[in-house]
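Number of protein chains: 2
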Amino acid sequence: MGFQKFLWPPKLITRAMCRNITLFRPLQIAEEVNKLLDLKAQAQATFPNTDDVNVNQKFTLKTPKGTRDYSPEQMALRNSVLSKITEVFKKHGAVTIDTPVFELKEVLTGKYGEDSKLIYDLADQGGEILSLRYDLTVPFARYLAMNKITNIKRYHIAKVYRRDNPSMARGRYREFYQCDFDIAGTYDLMLPDSECIKIVCEILDTLEVTPYVIKINHRSLLDGMFEACGVPASSFRCICSAIDKLDKSPWDEVRKEMIEEKGLSEEVADKIGEYVKLHGNTDLVDKLLNDDLLSKNKCATSGLEAIKLLLKYCNIFNVADRVLFDLSLARGLDYYTGVIYEAVLLGDSTKGEDVLVGSVAGGGRYDNLVGMFDTKNKQVPCVGVSIGVERLFTVMEQKLHAASRKVRSTEVDVYVCTAQKDLVDERLKLCNELWENNFKVEYSYKKNPKLLAQLQYCEENSIPFAIILGQSEIKEGIVKLRNVLTRDEIAVKRTKLPEELLKRLADLNINGTVPI
Amino acid sequence: MGFQKFLWPPKLITRAMCRNITLFRPLQIAEEVNKLLDLKAQAQATFPNTDDVNVNQKFTLKTPKGTRDYSPEQMALRNSVLSKITEVFKKHGAVTIDTPVFELKEVLTGKYGEDSKLIYDLADQGGEILSLRYDLTVPFARYLAMNKITNIKRYHIAKVYRRDNPSMARGRYREFYQCDFDIAGTYDLMLPDSECIKIVCEILDTLEVTPYVIKINHRSLLDGMFEACGVPASSFRCICSAIDKLDKSPWDEVRKEMIEEKGLSEEVADKIGEYVKLHGNTDLVDKLLNDDLLSKNKCATSGLEAIKLLLKYCNIFNVADRVLFDLSLARGLDYYTGVIYEAVLLGDSTKGEDVLVGSVAGGGRYDNLVGMFDTKNKQVPCVGVSIGVERLFTVMEQKLHAASRKVRSTEVDVYVCTAQKDLVDERLKLCNELWENNFKVEYSYKKNPKLLAQLQYCEENSIPFAIILGQSEIKEGIVKLRNVLTRDEIAVKRTKLPEELLKRLADLNINGTVPI
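Protein chains in written order, with UniProt numbering: chain A, 1 to 516; chain B, 1 to 516.
Simulated from the structure, these hints should not be mistaken for laboratory data. These figures come from a predicted structure and were not determined experimentally. Please note that the accuracy of each hint is not assured.
Note: identical chains are not told apart, hence a pair may lie in one copy or across any two.
Subject to a maximum C-alpha distance of 30 Å in a straight line, what follows is the list of computed DSSO-like cross-link-like pairs (lysine-lysine) [what the hints assert, rightly or not]: (1) K421 to K312; (2) K65 to K159; (3) K312 to K446; (4) K117 to K105.
Taking the hints into account, I'd like the entire structure generated from these sequences.
Now the structure itself:
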């Protein structure tokens with residue numbers, strides 16, 4: 001890892017923003033098609049008799065706005081990415097839970113501020129008033145409070161719903177996956193927090209999307225810094241959200257907003273400006289602990305001490321070189337109460353890629369959310385991270401595309417072909433023998449398929465082996481085993497087939513010639 | 001397999017009915033709790049000031065009616081069952097797809113008959129009119145028509161939604177999983193159909209829920225039989241749905257319904273009665289092919305020929321002894337056009353279990369559904385099966401419960417403990433070494449946890465190994481490796497730890513002493 005090699009500080013990009021980065025063509029095409037279908041639907045609504053629909057279908061055949069089907073190839077890639085991520089969670093002893101796709105509307109009320117308008121409501125069909133979940137964090141907090149759970153380490157991978165106006169060409173949808181890992185419980189300072197960072201590193205390493213950097217900061221330090229600079233306490237949150245814009249806007253604009261809209265004096269704004277341009281590691285923490293203004297502020301020093309301990313644990317976990325203490329990191333959500341972090345992919349400049357690809361994970365500590373659901377306001381401290389899996393799917397798709405590799409949507413080992421007519425029973429018999437030996441096997445559902453068509457199917461679907469069965473082979477108790485890629489064929493005794501096949505499949509996997 | 005050993009014909013049970021069978025106590029308790037919460041919510045709505053809620057939470061903390069959270073233990077069991085099922089689908093070369101949780105309402109309209117009233121609608125928030133999916137078959141047909149796919153073999157495991165009045169004590173919910181496998185494409189007679197049956201057998205065998213029987217029948221045979229008995233063509237479907245009730249009602253009641261409500265003569269009803277009590281195998285098919293009435297009916301003979309071929313393929317696939325040709329099997333859905341089947345679990349009477357446990361899979365051929373979505377009414381023939389995974393989850397839970405086995409909700413290999421104070425850094429260091437060697441490792445998030453508390457955690461969570469680290473071990477470059485179950489401890493050189501741990505974990509798995 002060596003992000004220090006790249007231009008620094010790069011223009012920082014939040015997850016919200018990175019969802020806007022233009023991706024590759026297939027998505028653009030999909031969006032254009034969807035736009036046209038939307039227009040067609042509108043036209044039909046306006047002029048219902050102008051379309052050529054028949055009795056079978058009086059509406060445009062499409063998925064709802066902002067949603068999509070996932071094809072077998074997309075699903076294969078997603079499942080492969082998600083299973084790698086899940087393995088990391090399991091390595092750290094996490095359990096998984098699931099919650100309903102909808103919640104009582106009241107559960108979501110008052111948790112998302114202005115964004116509440118993006119919540120999908122269900123129709124009132126004479127029962128409870130329900131809404132689709134907007135994220136996985138609020139249902140998690142509801143689950144903890146409802147079941148009086150005071151400590152748990154869990155992951156949850158599921159779809160969430162937002163009535164946004166998404167730009168699908170840019171990879172944003174109204175239905176999308178979230179992938180959250182959280183540790184709830186009353187523990188000692190920075191121990192669960194540092195494991196979250198370790199987990200993000202393991203995930204990004206296992207997906208081989210390096211280089212990346214994990215920026216960290218602390219809400220107490222931000223608050224203490226504001227206080228020390230002379231920001232009135234009532235303005236802390238709104239100044240925080242101004243700072244949060246630094247990843248999209250230059251300092252001058254943010255400064256202007258703080259002065260003209262948020263009412264800070266030029267002097268106070270400039271003091272803040274001096275701090276938020278700082279980033280570094282333990283040396284910077286030590287420098288700030290001796291800073292004239294901050295060293296006198298309890299809030300700031302407690303934040304700095306926490307960061308210092310976090311960096312120490314990151315060092316033990318061998319990830320310190322991937323972590324950057326960055327005072328401009330603010331993160332939008334109000335509910336954070338301690339450490340905050342965000343992982344950003346950096347393009348490989350040696351390959352001429354853009355220096356920044358975008359945010360792929362983010363999170364922090366939120367000690368007061370669960371209490372909002374408890375009648376006695378009992379708190380359960382939490383820290384967690386959300387892995388930006390949609391963004392990672394896209395990055396992995398691009399990587400495969402760049403390497404001209406195709407995703408296999410099945411895992412079939414061998415295809416059983418016949419070379420002559422009227423051998424369907426023999427084909428079924430051999431398939432059954434192979435299934436019973438635990439091989440993944442396909443065959444044609446045509447009674448008398450052409451040999452060429454069968455072999456072509458193998459090539460198109462990257463099936464590594466074909467078995468060819470003819471009258472003479474059956475008589476001799478052998479089969480022809482064909483390597484689909486090299487087209488080499490050998491005769492194998494039928495009794496030896498499972499053994500031979502197992503050996504050859506193992507060879508293929510060792511040599512890594514089977515894609516994905 | 002030997003269902004012949006049991007009482008036959010047993011009272012047949014459909015999937016719809018088996019969802020009503022009373023299950024075990026935890027679910028009953030859950031329902032009682034939910035009823036009380038419902039009452040509390042009603043009371044609050046009526047007398048809003050009588051409850052002791054505070055500012056933080058003005059509503060009853062619950063999941064929506066008919067839904068539930070899944071705990072870590074439930075999720076572990078579900079994921080284990082689903083991954084075994086998925087392996088079988090993959091063995092047969094199936095791909096997977098996903099579709100949005102909601103569809104344009106029009107997509108669902110006219111597909112479910114009377115049950116349409118159970119569809120969940122989304123609120124009209126100024127866009128398209130949407131509904132939650134009711135099953136996975138209609139979205140699959142929509143997907144095929146929309147993408148002009150004429151052949152695919154896919155599975156789809158996802159939640160569906162029905163505004164039923166579910167009895168949760170009986171395992172019925174408004175949000176539940178479906179697990180569908182379908183083969184679409186124009187192929188030769190009974191080839192894909194028999195593979196569906198083979199797949200159901202492999203799934204039930206791998207889950208070890210034997211004994212079971214797969215009942216089969218054919219819509220053409222039913223239609224031909226009705227015609228031959230003198231039922232007017234316009235009454236075929238409604239007589240079919242009367243026959244479908246034979247699994248819940250005795251013949252006398254069904255006969256009465258056919259005569260008094262459906263207008264059949266007594267003579268016609270009694271002719272039908274003679275047929276629907278028949279069940280057997282190829283011998284029965286041959287007998288019916290020579291039957292006076294049926295042998296003259298084209299529809300009936302084509303159905304019988306199809307069944308005969310299916311039984312032949314089932315024989316090649318080595319599952320013929322698990323298949324029963326049963327003329328009373330009708331299945332409710334209108335859209336079936338060919339073979340229909342249903343798998344029923346039989347209790348083990350030697351163990352004093354009920355003879356019938358219920359239906360766990362069902363399906364059939366539906367050649368006309370995709371055409372309903374195509375503007376040109378282009379058909380894509382389909383055959384498929386839906387695995388009753390919710391029912392299977394319950395059966396597996398009962399089996400574990402009966403065997404007094406606990407489900408592990410994590411897969412942690414080893415827990416790193418310290419025996420003295422101020423060793424947190426050493427614990428983290430060792431954890432990191434083990435993670436880097438790909439072990440699943442946990443440790444306490446307390447800085448100075450008590451040794452007893454750490455070891456207790458291991459026992460409570462069935463973690464097989466604990467490592468104990470103290471000042472003297474660190475100095476000597478060793479660790480104490482403890483078998484949590486036997487409480488045996490040995491000293492291991494730290495450099496040899498990964499090797500030793502790997503060996504001992506492998507031993508555990510071989511001996512099968514680690515639960516699940």
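Here is what the structure says about each hint:
no., hint, verdict
1, K421 to K312, "between (72 Å within a copy, 18 Å between copies)"
2, K65 to K159, "both (16 Å within a copy, 20 Å between copies)"
3, K312 to K446, "between (65 Å within a copy, 16 Å between copies)"
4, K117 to K105, "both (12 Å within a copy, 22 Å between copies)"
In terms of the numbered hints stated before, the structure departs from none.
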